[in-house]
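Enquirer: Chains as they are written, first to last, in UniProt numbering: chain A, 1 to 480; chain B, 1 to 480; chain C, 1 to 480; chain D, 1 to 480.
Don't read these hints as lab results, they were simulated from the structure.
Take the hints with a grain of salt, since some may be wrong.
One copy or two, it doesn't matter: identical chains are merged, so the pair holds either way.
Derived DSS-like pairs: lysine-lysine, alpha-carbon spacing no greater than 25 Å straight-line [as the list claims (entries may be wrong)]: (1) Lys62 to Lys190; (2) Lys354 to Lys331; (3) Lys176 to Lys207; (4) Lys207 to Lys162; (5) Lys190 to Lys60; (6) Lys207 to Lys331; (7) Lys176 to Lys115; (8) Lys254 to Lys60; (9) Lys341 to Lys207; (10) Lys471 to Lys60.
Number of protein chains: 4
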Amino acid sequence: MSNELNFNIEEELHEECGVLGIYDFDGGDVASTIYYGLFALQHRGQESCGIAVSDTEGPKGKVSAHKGMGLCNEVFTPEVLEGLHGNIGVGHVRYSTAGSSTRENAQPLVLNYVKGTLAMAHNGNLVNAPELRRELEYSGAIFQTTIDSEVIAYHVARERVKTPSVEAAVANAMKKIVGAYSLVVMSPRKLIGARDPYGFKPLCIGKRDNSYIIVSESCALDTIGAEFVRDVLPGEIVTITKDGIASDTSLCFKERSREARCVFEYIYFARPDSVFDGVSVYHSRLCAGRALAVDSPVEADVVVGVPESGNAAALGYSLQSGIPYGTAFVKNSYVGRTFIKPKQSYRESSVRIKLNVLKEAVVGKRVIMIDDSIVRGTTSALIVNMLREAGAKEVHVRISAPPFLHPCYFGTDIPDEDQLIAHNRSIDEIRDLLGADSLSYLNIDRLNEMAEGLPICTACFSGNYPIEPPKEDIRGEYSR
Amino acid sequence: MSNELNFNIEEELHEECGVLGIYDFDGGDVASTIYYGLFALQHRGQESCGIAVSDTEGPKGKVSAHKGMGLCNEVFTPEVLEGLHGNIGVGHVRYSTAGSSTRENAQPLVLNYVKGTLAMAHNGNLVNAPELRRELEYSGAIFQTTIDSEVIAYHVARERVKTPSVEAAVANAMKKIVGAYSLVVMSPRKLIGARDPYGFKPLCIGKRDNSYIIVSESCALDTIGAEFVRDVLPGEIVTITKDGIASDTSLCFKERSREARCVFEYIYFARPDSVFDGVSVYHSRLCAGRALAVDSPVEADVVVGVPESGNAAALGYSLQSGIPYGTAFVKNSYVGRTFIKPKQSYRESSVRIKLNVLKEAVVGKRVIMIDDSIVRGTTSALIVNMLREAGAKEVHVRISAPPFLHPCYFGTDIPDEDQLIAHNRSIDEIRDLLGADSLSYLNIDRLNEMAEGLPICTACFSGNYPIEPPKEDIRGEYSR
Amino acid sequence: MSNELNFNIEEELHEECGVLGIYDFDGGDVASTIYYGLFALQHRGQESCGIAVSDTEGPKGKVSAHKGMGLCNEVFTPEVLEGLHGNIGVGHVRYSTAGSSTRENAQPLVLNYVKGTLAMAHNGNLVNAPELRRELEYSGAIFQTTIDSEVIAYHVARERVKTPSVEAAVANAMKKIVGAYSLVVMSPRKLIGARDPYGFKPLCIGKRDNSYIIVSESCALDTIGAEFVRDVLPGEIVTITKDGIASDTSLCFKERSREARCVFEYIYFARPDSVFDGVSVYHSRLCAGRALAVDSPVEADVVVGVPESGNAAALGYSLQSGIPYGTAFVKNSYVGRTFIKPKQSYRESSVRIKLNVLKEAVVGKRVIMIDDSIVRGTTSALIVNMLREAGAKEVHVRISAPPFLHPCYFGTDIPDEDQLIAHNRSIDEIRDLLGADSLSYLNIDRLNEMAEGLPICTACFSGNYPIEPPKEDIRGEYSR
Amino acid sequence: MSNELNFNIEEELHEECGVLGIYDFDGGDVASTIYYGLFALQHRGQESCGIAVSDTEGPKGKVSAHKGMGLCNEVFTPEVLEGLHGNIGVGHVRYSTAGSSTRENAQPLVLNYVKGTLAMAHNGNLVNAPELRRELEYSGAIFQTTIDSEVIAYHVARERVKTPSVEAAVANAMKKIVGAYSLVVMSPRKLIGARDPYGFKPLCIGKRDNSYIIVSESCALDTIGAEFVRDVLPGEIVTITKDGIASDTSLCFKERSREARCVFEYIYFARPDSVFDGVSVYHSRLCAGRALAVDSPVEADVVVGVPESGNAAALGYSLQSGIPYGTAFVKNSYVGRTFIKPKQSYRESSVRIKLNVLKEAVVGKRVIMIDDSIVRGTTSALIVNMLREAGAKEVHVRISAPPFLHPCYFGTDIPDEDQLIAHNRSIDEIRDLLGADSLSYLNIDRLNEMAEGLPICTACFSGNYPIEPPKEDIRGEYSR
């Protein structure tokens with residue numbers, strides 16, 4: 001076990017996707033609303049994005065789509081947006097590892113099948129995708145992407161021949177696919193939303209005038225001026241047609257306790273202004289901060305959060321402990337996706353370019369620094385050092401999540417165990433690597449409080465997988 | 001039947017594609033050679049292009065690909081080309097009608113199937129693609145493009161389960177697909193070339209050092225410094241592995257007279273420096289010019305060709321008739337794909353911007369103007385008028401092909417009958433529309449001479465289709 | 001005086017520029033350090049940016065430069081950066097009104113003049129630029145841009161003939177130009193920094209190893225890992241040569257009380273982690289918040305800042321009043337410069353897309369909302385309304401600056417008086433327009449406290465101009 | 001003197017510029033007509049281009065301009081073109097050596113000066129530019145580009161103070177500037193065209209409806225549907241105002257024999273469909289071919305031209321000698337400015353990619369190959385070899401110009417003497433280097449015939465400079 005950190009790597013965890021579907025009963029074009037909605041989901045994926053629209057009154061199967069690598073404001077121009085006509089549509093933002101051919105993997109997936117056209121956007125990861133792919137290939141299927149969505153699409157297409165409706169085909173397909181998925185599907189006259197029975201990934205329903213929206217996070221509803229209606233249930237299939245909204249809950253678990261929401265959505269991925277299954281993300285972060293204050297108190301002069309995601313927990317810590325809340329960092333919001341990373345030296349590091357310490361706020365002070373997680377530890381160590389250089393007398397690190405110890409098979413890009421700082425190391429060893437005066441993680445049984453008792457998946461911390469993990473590590477196998 | 005021409009339309013006919021495959025036994029990277037080869041095929045398609053490569057010694061299924069809308073020098077940068085590693089590869093250039101989602105249709109098609117990966121590039125059009133698509137869809141297939149190549153790929157994938165090799169699967173697939181196709185297929189360890197039994201589209205084999213090349217036109221072999229080896233036979237499947245080159249001719253017609261090479265490749269599509277099935281394109285054009293001089297003589301001072309494709313026939317006419325050859329036009333080679341077309345006025349027309357008359361060469365002269373075809377007649381009428389404005393005393397138009405009268409179902413983008421100037425019009429009526437002093441087309445039975453007796457398809461002129469045409473007009477049906 | 005707000009306009013104030021110069025005595029390339037430094041200045045200008053470098057040991061006059069429209073990470077690629085060789089250089093970020101030819105106005109200005117080459121980057125606005133331009137034109141000058149920097153450059157060039165050194169020429173030029181300017185100038189062997197005698201704009205000196213840096217804000221020194229050395233004095237000319245650093249203070253005011261630092265740098269423009277003339281920007285904002293709490297107290301449950309610039313004052317208000325600090329807003333950091341602005345409707349507004357309210361944090365609460373300024377009032381009114389929609393019981397607006405009442409002639413883009421919400425309106429009228437329960441501005445005599453007694457310019461609030469304002473409104477006259 | 005050729009260099013000679021101005025008395029927008037006109041001048045410069053327009057009825061000094069690196073169809077989009085409003089305008093295409101900052105040098109130059117705004121486009125090179133620059137610099141001028149146009153602009157600006165009109169200022173400026181220049185100048189209400197007294201560069205006047213055009217080559221008039229009116233005389237200043245066209249010939253030489261048109265415009269630069277000073281470019285090339293046939297006859301089977309510029313001379317040779325004209329080469333017109341050049345190997349060379357031999361046309365034949373010039377000889381040697389590989393029995397090279405022996409100071413980019421193949425070599429030595437069977441150049445005294453007795457400059461062949469050449473080689477000195 002090395003006692004040195006490799007500073008030449010990216011520290012951030014990545015969510016895999018965000019999805020959005022909309023159906024305007026008044027027949028208005030929906031592309032620009034999808035575009036604004038995708039902005040509110042952009043934190044869920046910055047690698048590629050896309051929109052596909054159709055006209056429910058137009059010729060069946062006429063889908064207009066545009067996809068590309070990059071952020072929404074890089075991929076879409078006014079001309080492109082104006083060329084996308086239709087009152088029903090789906091959109092997608094995506095993260096994945098880079099590569100020359102990843103544009104093929106951008107979503108929504110648009111396809112012709114036995115009953116016309118289908119556009120599909122998907123957030124999540126299947127655990128049985130490899131077996132399903134192999135089966136499909138043996139029956140003559142060809143795969144043009146490496147995304148699980150294509151596997152789902154095949155199952156929908158095959159079931160569609162035997163079933164009376166596309167939503168029934170989706171239901172049948174869901175009996176075969178296993179894992180994490182929140183889906184929006186656009187058929188020529190229907191918008192369908194579906195969430196896996198475990199409810200790993202969020203999905204909710206909104207309404208604006210005569211339009212229904214199905215979307216990954218409720219914050220996107222605020223952005224487009226829509227009202228939150230309700231969450232899609234784990235296992236539920238919601239179908240929106242011109243006759244209104246229909247629900248199929250036959251695939252939901254009888255015992256709701258089997259549900260397994262990704263707790264990391266609350267801890268880090270989701271925007272704090274989203275609410276999932278009744279629990280406010282912001283509130284759950286405050287709560288984690290309060291719990292840290294109770295479980296791991298320390299005398300100090302100021303509590304600060306590592307922006308942006310550490311701020312809410314810092315506020316919670318402050319409120320609970322009475323130690324004043326402070327702002328210790330200035331984040332540079334102009335450092336975009338394409339900035340040229342410095343050849344790693346301490347003098348010019350990506351961290352320094354993105355973050356600076358407010359000396360005034362920490363000089364001579366005992367500082368409690370709250371962050372939401374430590375993956376490899378490199379960024380945290382740099383930040384602790386920056387605080388010290390700025391004159392902080394003590395730096396106490398508090399993490400608003402338990403230590404990462406296990407891989408995730410459900411759509412979170414956690415690196416291999418041997419790259420996780422907490423793997424095979426004691427808290428004291430980690431503290432020394434970070435150069436902190438003290439270090440505490442959130443106690444794992446506090447997670448239930450954060451989620452206000454909702455059944456959650458804590459596998460990356462506990463190793464308790466709600467679904468049997470695949471024997472082999474399947475992540476990345478299908479990269480081209 | 002209108003007696004006015006609509007000048008607001010494009011006149012040129014478009015070929016649908018060019019393909020190229022290469023296998024370097026010495027293990028060198030082939031991407032840059034494919035790139036240079038595609039330049040020599042660029043006249044066969046300017047809408048999109050792509051390259052896919054693999055390493056025969058690398059991990060099976062690791063394909064690197066890059067595709068994009070535009071010309072080769074727009075789509076490929078040095079960085080992209082350097083990122084494409086592999087000693088086996090296929091490339092493609094494509095023409096198609098424009099549209100927001102056509103990037104999906106760019107080739108090569110790269111896919112995962114039961115036996116690993118496959119990359120495929122295809123030139124041609126199937127006549128039974130719609131039936132085959134429907135059949136496939138009923139068995140659960142999904143289509144992500146609107147190109148026939150995807151239909152072919154599915155058949156290869158389905159056959160592959162039942163057959164010992166990919167080339168056997170290609171052979172089985174070829175028993176089902178009907179129409180025009182020249183194919184190059186790259187499997188992880190093999191390069192396969194196949195040509196439909198009619199031989200509609202050209203395909204030939206070349207060699208450079210320890211590399212084999214399979215390509216649409218022989219001119220590309222010259223460009224990359226390779227030697228021409230031989231043509232792929234109509235119906236032949238050629239398989240190149242590390243053990244050398246193998247041929248399967250079991251699908252070739254027993255009666256070679258059933259073969260039906262597209263005569264328009266000789267007349268217009270192909271580059272004059274290509275040789276197909278033993279017949280030089282340049283020579284066949286000279287020959288057409290000579291035939292025009294014999295069949296449709298006229299007294300004149302100079303013979304000129306409409307650049308570029310009319311020049312060879314003009315030279316043939318001159319050599320046969322003894323009337324001096326001249327250059328009457330200057331073509332502007334800087335008017336690229338993306339130039340802003342003028343709102344159609346006579347003063348500023350696309351034709352004038354692309355072409356100017358050398359007054360000096362025609363003033364006071366009786367001019368014979370040779371062109372290879374007239375589609376709608378608008379460009380020809382403009383050019384005749386430009387010659388007159390420049391001072392030509394007489395303008396005699398000679399066309400080195402018969403009149404277009406029938407649609408093509410095999411990959412040539414001939415417009416609907418009612419847009420063809422020759423449809424329901426006499427030669428005299430056409431002559432009047434063009435404003436020419438006289439007009440003659442190539443006599444249809446001269447086509448055999450042009451092709452030096454090779455069996456050819458003349459359906460667009462004669463209506464004699466070598467394959468039963470589909471009942472409905474299938475062209476464009478699968479556009480999204 | 002209308003009682004309606006026009007929501008279809010941009011609300012934000014814009015700074016005009018940021019400058020940076022660097023001289024590496026060890027001969028290393030400085031372009032990439034300038035690039036990282038410009039990131040830290042990006043908030044001072046997002047319209048265009050540029051870098052010019054030279055080699056002090058190379059041939060005199062060989063300057064490499066690259067400029068372009070957009071942010072640093074849009075304008076610079078690794079290739080461009082690697083092509084900029086030299087150990088001395090200057091960089092610039094710029095804001096200006098849009099326009100087709102504004103690229104001409106991007107800086108640094110690079111020019112050949114009597115003594116070789118010069119590159120110059122400039123932040124500020126001259127009040128006598130029009131007169132100087134006219135004089136220069138009458139003596140035969142031509143102007144290729146519409147920026148004041150060109151006027152300065154001319155004066156330097158003309159003085160250079162009569163003076164022994166470029167720094168002497170700069171000094172002579174400074175006797176003629178009147179207004180706000182912080183300059184960095186690169187001559188083949190020297191780096192010069194100069195600040196106008198009023199000290200309107202900040203400028204400071206840093207050091208890293210064997211490199212000297214002159215830059216608009218000290219935060220950029222942190223970013224590149226340099227130490228702060230000292231501020232350039234108002235009126236001082238600093239010259240850095242291989243022999244070290246020299247200072248000319250002959251132009252400084254004898255009475256330092258005539259100095260007139262722009263107080264809006266402290267209030268809004270500058271990054272909170274910068275320190276100007278000994279006063280921490282962050283601290284001055286805290287101080288303004290505390291003053292508001294003292295002067296305009298109100299009973300409430302939470303104090304929140306409008307991000308980003310309102311947060312520090314909100315913290316100050318909270319610390320002073322004891323009312324808890326909270327986070328009420330989530331800012332979307334992915335909404336870039338080029339995002340497609342919605343056609344203004346309440347449902348989809350730029351404000352909503354950029355900002356969302358954390359309902360959880362404000363529902364049922366009496367909220368004190370702190371912002372740094374109100375220009376036209378449209379954004380503020382929208383935000384107040386968003387807080388109410390989210391359930392806030394009361395909304396008390398506190399502005400950490402006095403009301404804007406007068407135009408600025410020194411480089412801040414304040415709109416015309418009749419567009420300023422405070423123009424000819426009482427506080428109560430403004431409060432009603434905003435829909436707030438109460439409204440208070442910072443008391444104007446608190447500004448001295450904020451600046452810790454430094455002489456400041458408060459003209460935009462008070463109308464007391466440190467320099468006679470020009471008779472005519474010169475802003476924008478020289479737009480092409 | 002090496003006997004090897006360096007194949008790793010560009011062979012082509014480059015013209016430096018083309019200019020165009022237009023004034024529409026009917027008030028219509030002229031930008032799109034300038035755009036189409038620039039296409040016809042594109043062969044004169046492919047590095048950058050630009051358009052500046054103004055409205056003669058609008059506010060004085062409101063100029064809209066757009067310039068960029070690349071071809072017209074790369075630099076201009078429909079949006080850009082539609083944003084350029086005005087009924088008076090100038091355009092420019094430019095060639096220059098590459099470099100990171102050359103965008104600054106793109107024309108037209110747009111500037112503010114004592115009497116308002118001026119836009120200027122310039123073709124040519126001054127021989128006293130360095131002295132003039134130095135003088136101007138000593139009087140306080142600054143230079144932001146490295147083009148001579150800026151020197152001219154300064155002189156116009158300085159004279160304008162003393163003179164009653166801009167055309168008088170141009171006349172006074174022309175008394176000081178020495179060298180080659182064809183200019184178009186747009187002042188707010190006037191379009192001015194001027195040609196240096198030697199008439200080095202062409203310039204002519206056209207008319208379309210109520211518009212006057214001043215342009216480098218007459219072919220552009222054909223392209224935009226305008227009529228040729230007359231050439232601008234060497235030394236003439238033409239001024240177009242709303243009152244019509246005025247001429248000032250006071251600067252023309254009394255002895256017209258001092259005029260010195262660049263003969264290389266006839267030989268190579270100009271488009272064959274242009275006519276300069278009454279002499280058809282096409283005709284002069286035919287004439288050179290005929291002269292070669294008379295002076296350097298050889299027995300052969302076919303005469304071919306190296307496209308495009310060799311074709312006219314080849315036709316002349318054929319007509320004079322009776323040896324049949326043939327087409328031996330196919331030129332690839334898709335190889336654009338940005339194609340990736342192959343690492344030089346014989347197999348994959350730029351020449352092979354651009355040019356292929358029509359084997360059919362040369363196999364077994366004695367070929368006379370006509371080209372317009374040989375610079376370094378590398379391309380010619382490759383082409384001779386390609387002809388031999390294609391089966392040519394003999395290759396006789398005939399060059400329709402005398403050998404290059406001297407540098408040009410008037411705007412042609414001829415390389416240094418020691419790179420010229422003819423420098424210090426006998427004809428036999430050159431023939432051996434090319435691998436030709438025989439080689440002849442045009443006899444230098446045939447040049448007068450080509451130009452039909454017009455006074456010409458033949459300095460690059462003869463060393464007889466019409467103006468004393470500068471003592472030092474000034475070319476390239478002012479590169480940044």
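Enquirer: Indicate, hint by hint, whether the structure satisfies it.
Expert: Going down the list of hints, with the structure as the test:
1. For the identical chains of this complex, Lys62 and Lys190 are intra-copy neighbours only, at 14 Å inside a copy versus 38 Å across copies, given an alpha-carbon limit of 25 Å.
2. In the homo-oligomer, the alpha carbons of Lys354 and Lys331 lie at most 25 Å apart both inside one protomer (6 Å) and across protomers (17 Å), since each shortest distance falls under that limit.
3. With identical chains, the CA atoms of Lys176 and Lys207 are never at most 25 Å apart, being 31 Å at best within one copy and 50 Å at best between copies.
4. In this homomeric assembly, Lys207 and Lys162 never come within 25 Å of each other (Cα to Cα): the closest approach is 33 Å inside a single copy and 52 Å across copies.
5. For the homomeric pair Lys190 and Lys60, the shortest alpha-carbon distance inside one copy (12 Å) is at most 25 Å, but the shortest distance between copies (40 Å) is not.
6. Taking the closest pair of Cα atoms, Lys207 and Lys331 come within 25 Å of each other only across two copies (23 Å); inside a single copy the shortest separation is 35 Å, beyond that limit.
7. In this assembly of identical chains, Lys176 and Lys115 lie within 25 Å of each other by CA distance both inside one copy and across copies; the values are 20 Å within and 23 Å between.
8. Proximity of Lys254 and Lys60 under a CA criterion of 25 Å is satisfied in neither setting, with 38 Å inside one chain copy and 44 Å between copies.
9. Taking the closest pair of Cα atoms, Lys341 and Lys207 come within 25 Å of each other only across two copies (22 Å); inside a single copy the shortest separation is 42 Å, beyond that limit.
10. In the homo-oligomer, the alpha carbons of Lys471 and Lys60 lie at most 25 Å apart only across protomers (22 Å), although the nearest pairing inside one protomer, at 43 Å, exceeds that limit.
Consistency note: the structure conflicts with the earlier hints numbered 3, 4 and 8.
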